[in-house]
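Following the working numbering, the numbering of the sequence shown begins with 56 at its first residue and continues without gaps.
Since the hints were made in silico from the structure, they are not lab data. Do not take every clue at face value.
Pairwise CB distance ranges, derived in the manner of DEER restraints [stated by the list, open to error]:
1) Asp99 to Gln69: 41 to 47 Å
2) Lys57 to Thr81: 35 to 41 Å
3) Ala60 to Asp99: 56 to 62 Å
Bear in mind the structure is a predicted one, so any value in this text is a computation, not a measurement. Ideal Cβ placement from N, Cα and C applies to all residues, glycine included.
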Amino acid sequence: MKHRARIRFAYIFQAYLYLSVLVLFTYGNNSVFFREADIGYLLDNL
Numbered sequence: 056m057k058h059r060a061r062i063r064f065a066y067i068f069q070a071y072l073y074l075s076v077l078v079l080f081t082y083g084n085n086s087v088f089f090r091e092a093d094i095g096y097l098l099d100n101l
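Construct the complete structure from the given sequences, taking the supplied hints into account.
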């Protein structure tokens, strides 16, 4: 039972790691896009 639970925990941990990396990647892309938009907005208002 312990071995099976350990394998299940490894699968859950791997899925959580993958999801967190995916969320970080998409959030990073969005933040870069918003940062570029903010810089353009500031340059236009100077």
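Status of each hint after checking the structure:
Look at Asp99 against Gln69: about 45 Å separates their beta carbons, and that is inside 41 to 47 Å. The hinted window of 35 to 41 Å between Lys57 and Thr81 holds, with their beta carbons roughly 36 Å apart. For Ala60 paired with Asp99, a C-beta distance near 58 Å keeps the hint of 56 to 62 Å intact.
Figure legend: structure checked against the earlier numbered hints; every hint is met.
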